[in-house]
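Protein chains: 2
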Amino acid sequence: MYKFLLDLSLILISTKLLGLLTRKFHLPQVVGALLAGLFLGPAFLNIITETSFIQHSAEIGVIVLMFCAGMGTDVKELKECGKASFVIALLGVAVPLAGGFGVAYFFNRAGMIDSDASSTILLQNIFIGVILTATSVSITVETLKELGKLKTRSGNAILGAAIIDDIIGIVCLTVVSSFADDSVKISWVLLKILGFFVFSGLGGWLFYQFFRRWCNTGRAMQRYTIVAFVYCLLMAFAAENFFGVADITGAFIAGVIISMTQREELLASKFDVLSYLYLSPIFFASIGLQVTMPAMSGAIIAFALSLTIVAVLSKVIGCGFGAKLCGYKNYQCKRIGVGMISRGEVALIVASKGAALGLIGSAFLGPVILVVVVTTIITPVLLKWTFRGGPQAPIEIKEHHLADKHEDIAAIRSGEK
Amino acid sequence: MYKFLLDLSLILISTKLLGLLTRKFHLPQVVGALLAGLFLGPAFLNIITETSFIQHSAEIGVIVLMFCAGMGTDVKELKECGKASFVIALLGVAVPLAGGFGVAYFFNRAGMIDSDASSTILLQNIFIGVILTATSVSITVETLKELGKLKTRSGNAILGAAIIDDIIGIVCLTVVSSFADDSVKISWVLLKILGFFVFSGLGGWLFYQFFRRWCNTGRAMQRYTIVAFVYCLLMAFAAENFFGVADITGAFIAGVIISMTQREELLASKFDVLSYLYLSPIFFASIGLQVTMPAMSGAIIAFALSLTIVAVLSKVIGCGFGAKLCGYKNYQCKRIGVGMISRGEVALIVASKGAALGLIGSAFLGPVILVVVVTTIITPVLLKWTFRGGPQAPIEIKEHHLADKHEDIAAIRSGEK
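Chains G and D, in that order, give the protein sequences. Using our numbering, the letters of the first sequence correspond one by one to residues 1 to 417. Using our numbering, the letters of the second sequence correspond one by one to residues 1 to 417.
Hints are supplied without guarantee of correctness; some may be wrong.
Since the list gives no way to pick out one identical chain from another, each pair is judged satisfied if it fits inside one copy or across any two copies.
[Said to hold, decoys possible] With a straight-line Cα cutoff of 30 Å, these simulated DSBU-like cross-link-like pairs (lysine-lysine) come out: (1) Lys329 with Lys384; (2) Lys192 with Lys3; (3) Lys192 with Lys324; (4) Lys192 with Lys83.
For the record, the hints were derived by calculation from the structure and aren't laboratory data.
With the hints as extra help, turn the sequences into a complete structure.
Next comes the structure, spelled out in structure tokens:
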């Protein structure tokens with residue numbers, strides 16, 4: 001009866017411990033949190049099984065994560081990067097989508113991989129392509145910050161493209177998810193998606209007007225936070241229930257709307273606590289909990305390795321080519337392509353969403369986790385390497401200009417150069 | 001499938017709205033939150049039914065509430081008030097315990113009230129007495145703060161007594177809960193309770209030593225908060241699972257241990273967010289959700305009214321008499337007695353605990369809510385009135401001494417006195 005208390009404490013402590021361990025190796029804590037779920041679940045120790053409490057809490061966890069991602073979106077910055085970022089993002093979605101579909105088309109045939117998915121093989125294969133599309137903004141930004149290269153031209157292009165990329169990825173997810181229910185006509189599905197964007201645009205505008213004025217009247221934060229949370233939950237519910245759109249899409253849009261009000265930073269700090277202290281450990285662990293070990297053998301291992309290789313190459317090629325089209329220099333194209341490799345929360349979110357809808361079999365969750373882990377490990381390493389090559393041209397160094405010069409002089413003096 | 005999102009948003013918005021409404025009438029927001037659950041549940045609108053998700057989240061909510069109450073306990077202050085507070089608390093527990101038992105003994109007979117409780121009638125009646133014992137520290141403190149009388153001699157006595165009162169109440173709850181399982185010998189039950197206090201004393205000492213030193217080594221708050229939360233959850237789990245003690249007792253003790261480290265304020269601020277933004281609305285609403293309307297008729301209404309009257313009188317008499325024994329003046333005894341009337345979270349926690357264990361029928365939850373609502377409404381009103389009567393002796397005014405004098409002079413000058 002009280003086992004859920006033990007489960008929760010195990011999830012909290014193990015995600016944190018493994019998260020800190022992975023951070024020691026300069027990897028994001030997400031990787032550790034995923035591994036924690038994998039260890040606790042049926043794949044290894046089999047201590048915790050998923051209950052409806054864990055399931056629902058994890059769902060709210062991912063809603064809050066996407067809400068926070070929405071609040072972190074800088075709408076102005078998005079407009080500035082403009083065309084270049086859009087082209088990079090579009091090709092950075094198209095190539096991995098095709099690549100993922102190709103790998104899945106080769107492996108996902110009768111007898112090769114046991115699939116408990118309920119949708120058609122074609123839809124399953126497309127969905128695996130969709131999983132490969134999303135770049136993790138947070139991991140990219142963290143890496144660039146660590147390198148001190150966030151404010152370079154390449155850095156800006158990566159940032160803008162990663163944001164647009166996320167949005168395109170979510171639209172793809174929505175479209176593909178809608179097809180999962182094949183009793184529905186395609187035109188009706190597209191109409192509902194359009195309806196959702198009209199609804200969230202109008203509703204968002206009204207909420208924005210109300211919320212911005214209301215926030216200006218007082219200083220009591222508690223009620224603002226709760227109203228923002230309720231708005232996020234209702235948008236998530238409305239998206240799923242009335243429009244057949246993913247609940248996380250609703251939550252993300254709610255976050256974007258909040259980001260345009262002035263209170264966004266204070267609100268984000270509250271949801272940050274709710275997220276790290278309770279909800280997101282449950283979410284990340286719950287993904288690992290769904291992976292079963294018997295599924296990780298034979299064809300699935302070959303599939304996992306191929307998917308990982310395609311995931312890395314398709315982003316580098318897609319985004320690099322996109323950058324080239326927009327007139328970036330070769331060394332910049334390399335940086336942009338490598339900077340977009342890392343998949344993160346979003347790929348996991350999309351995959352777990354698909355498993356819940358029957359779009360992919362649970363056997364495919366293991367490979368997706370491998371993709372996320374490998375791409376997250378490889379990005380900082382490769383990115384460091386690309387920034388070592390290529391000229392340190394003044395175009396590349398904007399804000400760190402003087403500091404770099406100073407360092408150069410110091411290096412020359414100490415005889416290093 | 002996604003109804004839990006709608007449920008959650010309804011719970012959050014309605015507890016907050018009704019909470020703000022009750023605050024408009026100078027009542028604690030707890031009252032509003034309770035009413036919200038009552039409206040949403042089967043008693044009125046019947047929109048939300050309790051799921052295992054709500055149940056588990058509510059349980060974690062009350063654990064966090066008691067953990068916070070533990071963190072708020074000032075161990076030093078408790079030692080200073082000492083003997084007087086202890087006598088007041090002891091009589092303030094004994095008289096309501098006897099009073100509640102008496103009322104229950106009169107009403108809780110075959111045919112008068114439908115009871116779905118599984119324990120013996122005697123144990124049920126004792127348990128109703130136990131529910132009446134706990135004074136709500138937070139409500140008392142809020143009221144005294146509003147009146148500016150927290151630092152008076154009466155104020156200190158009330159504060160100390162309320163804290164001790166809570167602890168005695170929890171011990172009573174533990175003892176009575178243990179008896180619910182009548183296959184177990186009484187000596188064994190008492191031994192287990194003793195074992196729990198030894199365990200939590202030793203474990204608490206070890207954790208305190210570790211946590212205090214560890215916290216001094218760095219400034220990263222996130223991991224401290226998570227470790228504190230895990231400690232709280234494990235104490236709650238161990239209490240229930242190994243010692244047959246209420247989980248909230250374990251959480252409360254964990255909070256007291258944390259309160260002795262230096263990081264308690266920062267930690268409390270994090271758990272405060274988790275609590276108000278997510279967990280405690282679910283907890284308070286879930287209590288209201290358990291109340292069914294058909295049970296609120298005939299004998300149960302008479303019982304509810306009697307229980308409320310006894311709840312008010314027994315505290316005033318018990319605590320007032322205790323204060324008299326300790327040499328307080330008559331007007332001070334009146335203040336102390338009235339200040340201890342309010343029941344709050346703790347009474348609700350104890351009652352919902354009892355319902356879950358089968359110690360009281362769910363029919364009794366309505367009356368308990370009435371007791372909480374009435375005592376919380378009546379306390380600030382009566383307390384204001386007692387502070388109007390009686391001399392404004394210098395012993396009664398410590399910190400506000402100069403300010404009061406200044407006000408008096410101003411009043412004389414303006415011709416009001």
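To see whether the hints hold, each was checked on the structure:
no.: 1; hint: Lys329 with Lys384; result: within (18 Å within a copy, 77 Å between copies)
no.: 2; hint: Lys192 with Lys3; result: between (42 Å within a copy, 20 Å between copies)
no.: 3; hint: Lys192 with Lys324; result: neither (37 Å within a copy, 73 Å between copies)
no.: 4; hint: Lys192 with Lys83; result: within (28 Å within a copy, 70 Å between copies)
Of the numbered hints given earlier, the model fails hint 3 alone.
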